[in-house]
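4 protein chains.
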Amino acid sequence: MLVVMQAQATEEQVRAVCQKIESFGYRAHSMPGAQRTAIGITGNKGEVECGTLEEMPGVQEVIRVTKPYKLVSRDTKPDTTIIKFPAIHANGPPVTIGGTDLAIIAGPCAIENRDQAFQVAERVVRAGAQFFRGGAYKPRTSPYSFQGMGEEGLQIMAEVRDRFGLLIVTEAVDYESLDLVDKYADVIQIGARNMQNFSLLKRAGRARKPVLLKRGISATLEEFLMAAEYIMSEGNYNVVLCERGVRTFADHTRNTLDLSVVPAVQRLSHLPIIVDPSHGTGKRNKVTPLSRAAVAVGADGLIVEVHHDPDRALSDGMQSLYPDQFDALMVQVRQIAAVVGRVVPETALAGVSRLSNS
Amino acid sequence: MLVVMQAQATEEQVRAVCQKIESFGYRAHSMPGAQRTAIGITGNKGEVECGTLEEMPGVQEVIRVTKPYKLVSRDTKPDTTIIKFPAIHANGPPVTIGGTDLAIIAGPCAIENRDQAFQVAERVVRAGAQFFRGGAYKPRTSPYSFQGMGEEGLQIMAEVRDRFGLLIVTEAVDYESLDLVDKYADVIQIGARNMQNFSLLKRAGRARKPVLLKRGISATLEEFLMAAEYIMSEGNYNVVLCERGVRTFADHTRNTLDLSVVPAVQRLSHLPIIVDPSHGTGKRNKVTPLSRAAVAVGADGLIVEVHHDPDRALSDGMQSLYPDQFDALMVQVRQIAAVVGRVVPETALAGVSRLSNS
Amino acid sequence: MLVVMQAQATEEQVRAVCQKIESFGYRAHSMPGAQRTAIGITGNKGEVECGTLEEMPGVQEVIRVTKPYKLVSRDTKPDTTIIKFPAIHANGPPVTIGGTDLAIIAGPCAIENRDQAFQVAERVVRAGAQFFRGGAYKPRTSPYSFQGMGEEGLQIMAEVRDRFGLLIVTEAVDYESLDLVDKYADVIQIGARNMQNFSLLKRAGRARKPVLLKRGISATLEEFLMAAEYIMSEGNYNVVLCERGVRTFADHTRNTLDLSVVPAVQRLSHLPIIVDPSHGTGKRNKVTPLSRAAVAVGADGLIVEVHHDPDRALSDGMQSLYPDQFDALMVQVRQIAAVVGRVVPETALAGVSRLSNS
Amino acid sequence: MLVVMQAQATEEQVRAVCQKIESFGYRAHSMPGAQRTAIGITGNKGEVECGTLEEMPGVQEVIRVTKPYKLVSRDTKPDTTIIKFPAIHANGPPVTIGGTDLAIIAGPCAIENRDQAFQVAERVVRAGAQFFRGGAYKPRTSPYSFQGMGEEGLQIMAEVRDRFGLLIVTEAVDYESLDLVDKYADVIQIGARNMQNFSLLKRAGRARKPVLLKRGISATLEEFLMAAEYIMSEGNYNVVLCERGVRTFADHTRNTLDLSVVPAVQRLSHLPIIVDPSHGTGKRNKVTPLSRAAVAVGADGLIVEVHHDPDRALSDGMQSLYPDQFDALMVQVRQIAAVVGRVVPETALAGVSRLSNS
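Chains as they are written, first to last, in my numbering: chain A, 6 to 363; chain B, 6 to 363; chain C, 6 to 363; chain D, 6 to 363.
Rather than coming from a laboratory, the hints here were simulated on the basis of the structure.
You may find that some hints are simply not true.
Residues of chain B placed beyond 12 Å of chain C at every Cβ, according to the derived structure [to be verified]:
no., residue
1, 66
2, 90
3, 121
4, 157
5, 189
6, 229
7, 254
8, 260
9, 282
10, 338
In the SDA-like style, the derived pairs of lysine to any residue whose C-alpha atoms are separated by at most 25 Å in a straight line are [as the list claims (entries may be wrong)]:
no., chain 1, residue 1, chain 2, residue 2
11, B, 75, A, 146
12, D, 25, B, 70
13, A, 25, B, 69
14, C, 72, A, 67
Think of the CB as a built atom: it goes at the ideal place given N, C-alpha and C, for glycine as much as any other residue.
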């Protein structure tokens, strides 16, 4: 914390502020400048809570400095976290998020039925995805919109895992669904709207599976990292961050994809971060260029919506790629990955050959 | 939904779009203009989901028109909702939110102990508040910050109700706390961070007590009203909306209080709307002017943080008014209320006289 | 400037940063904390420009602290600025902006013809306005929209001044129009789009007339004050600030009126600040409630669009009040002004009586 | 324009709105829907200005549909604009912006002296830039900051052109500087703060040189394109758009680089668009990843700040790349360009060989 005094503040006023700070058990460091004095505060363990400093005579402004994150920070753990999933196929290499391998997560917005899930899964695994996404519990703005198939959707995804060797990523929206997702899936997704649902974060922190945490629609980087801190503080250290667009005044896309958060996270935290260009743009014709950009900026992976019949999708049809578009995207993704020292692993393709043989 | 065609779109392209629309069972209305053709869509019951319209040849843009809210809308219920609470004192008049009476809700950010709650409560009831606010479950950005006293805090507030005749407003953050708040308090608060926690909204929709729903930090008016729709769709029609500041680029206050949402809500919805200038500004020296402005703009009430010792407050000390400041504010609030046809009821003062006699 | 070191920064790294700071001729103040060290910088005259501090080993973040404003600051001039205009009528009291009198500026968005200007002027002067607004040079988003009458419009406004005793406020958009506005009008308006047109600001700083400076659509408080500093640094100390709404994600109004900037300006600066609820909301039905709120928050005045025939207005018809609405608003404005220790002066009314007699 | 009626609007109210629309000389298209009626308006030439439609009984909302841009639109000119510059060297191929060649513009924020300009120029031309950027007129937030060398700076850049065969890009801030830039440089830059300085845009529209138009810090896509329309409407069709970050709540970068605007512009307009990752992030360590992303998203070029001694830069030192970093970036840029069908031309390198020989 830093207290900036007014230019005309008297020495007495500076002294009074220092005494106040010390009365809280902190240490005050007075720094007289050419124009005004600033007073640094140290000795605090957590956040400084001195509710009346800003109102004291001669005080111009109080600036918060302390960064509250601990477990998410590179200060605590300098090495980048690599999350390992058991090999999908016998004898296959493990799948990872956060290492050299680029994590590719693809699938429909919502699971609508077994046939739809299988059709899309077959296409994305052939294109090179290692993970299958699909919603069984859909947080929708309107209570009258399709809310997902629930446990039945999870069961379909479990079949997809068995059949195609794809790891399953799906969203949990409350305790009940979180327990089921923890049981059926491989990665528990916490959606943007629940990024500060602290009860749910703590519960996810006690789950066994890794958590994919989406950035809230207007979350600062600090809030985003603190949400991950909630999960980690309960003991689950396998957290993947996900940028999915933030809300701004711009109206040419549904959200504004903030790719600069990728290097910003990588500087402050050891956690992997992936990008969701589907929600990040909300428009099919922007998903491919922004996916390329996300790989180029250095993201640890992509999560992309793919649907074989977007016109009949029960949600988010406007932002789902056709399977052919996803194929074309993956060709470019592989090329750009190479430029930034990444690789799309052949793991999944091994599964495809197994698939072809069956 | 409205499809805007490109200027150079051919008649054939217009026809193809119309056919596509009709293939979904909707009706297409082609409107040829001087520069370009627009095509209106009607006949849809809910949201139109045609995922590929925007990609069809000749299409410039697809604009959503349908408003999804039903129960919250003045279309459905033209008369303004007035929520009635049983009289606090024997023979007293009922307390209301949404009518001529201005609802005044005041108290500390968090309940810290019995003594603090009683000290603040005595001051706010004397100043004219009818409701006492105080957090027992605090959603905090950091898992290491004070998270509230839990049920013990609720019990203290129940004592405050008995002693001072103040109705209790307090936040619920998950199913468990919601059930307890429903049991102990008079109004269930859903915080800004949970405005799109749809599971919690539905649970609040099945509670017996009225719900105070805070606007999410970057919620559009439509999302705000749809969150209320979630509560109402489960059968609880007693919802009070609350503006508490939105996130913008501006950095001179913690949030930007959006007072224009008050007349905007009043135009579209029958639900009452109050204003929280404490969170809306985050700075003590801005709470009084913005409280006056909130009454002047026509809000149905205020929710204000008051603390007798902000320096030692366990949270939000920087934005809590001193009791003396709250007294002074209430004098101005009464005067401005009169200008806009409102009144601060004497209900509470009756309680105070009872208090003085006891 | 404050340099925050990483938690694991070594003493050597701290020392290197201090040496770097001192190599620029500044003084470094090292403050070791429980978790990390912060280093304050003093001794700089203007902004510190050390382009590589943030990249030095062990550095977490560099936080700018120095406030760059001088002449606009209450540090420099503790007394609130009151701008005085010569009495409009012989023997009348002077008109002021910034004192107890509330400045009321009203008129059409654009001057369209003599008849329109006179019709509106007669109504606003009768309602109590002391200033007449009207655009002769209109900055429009489209080059094909009506761009104003130019000098002919200024001449019409000069006639309005003579006939109705109203002081004239009108916008300048470049050097040429600024010179003409300086000649014909009483207050030179710099619009939101030109708030950082520094060449124009400097020219306005060399004009004889007071300047009404509108806040840019996404200007921080600091940028807003620094724009005023540009004008003052050239010698023109008569600057009136004007909040007119900022751009946010919210879509229920054209802009989001940020009333909290009024007390924020009053805390930091001695300059008066008024509010424009017409551009601040963009919707006629929101102008009256937000005007009331602006007076209640403590603004030094209002600038409101009024048109006798909004349907035929050449610009901004949707946000112009009818004269009858403006009359009703002024009744409420007078009442709320009294609550905050302000008064709408009778100056203008004196003019009206003169008008009636003529 | 589309008028959405309230659900309970009567037939009479619908009829009254249609009559009103027709009284303005437009055509009304009534579309009765399941829940409510919408009324389309056609027949308008420019923007519809009916100031009271929204206030008529039974009207819920008025939605603007017409796109005001003409000359910038792909509707008007389907082929992508390629701006051609005469060959820098005798016998060399022409330099272009908008075609297959990626335009690389690099140089210091401000021209500080001849030595600095030459040192940076030599490095960027060797790395492959075809254009040299440098400010002679600097729009600075503070009137007390370095404002640029003026015409002397332009003369230094003219020498850079002669010596290194680099085309010159530099900013104009008013009429006077624009005339000088038009005389000395190859591309006239209009900065973000002047994007809606319509007088300056019109003057640029009458200049001989191509214009690089930066997006305003909170400009919508429509406003951005309309600013280009201002320039084109005066006869200068050679406009290059430039994304340089927008202002949002996010605080980990100085601005939020909105890469999605690149495909959005390419869909609506034939004009080329480049990206400025230096101002777009404001932090050196984010410039390289975001430059890669900009090429991957499909931009027509980059404009990057490079300085050989950022610690002593008179402005923007914190966001300038070191020459070595720029070299490394160009290696990656070439590789990613190939993935998206682009190439960094060898034009400049030809100049370098000439340079080496001299």
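To see whether the hints hold, each was checked on the structure:
no., hint, in the structure
1, 66, "16 Å, holds"
2, 90, "27 Å, holds"
3, 121, "28 Å, holds"
4, 157, "31 Å, holds"
5, 189, "34 Å, holds"
6, 229, "9 Å, violated"
7, 254, "6 Å, violated"
8, 260, "9 Å, violated"
9, 282, "9 Å, violated"
10, 338, "9 Å, violated"
11, B:75 <-> A:146, "13 Å, holds"
12, D:25 <-> B:70, "21 Å, holds"
13, A:25 <-> B:69, "56 Å, violated"
14, C:72 <-> A:67, "13 Å, holds"
Taken one by one, the earlier hints fail for this structure at numbers 6, 7, 8, 9, 10 and 13, listed in ascending order.
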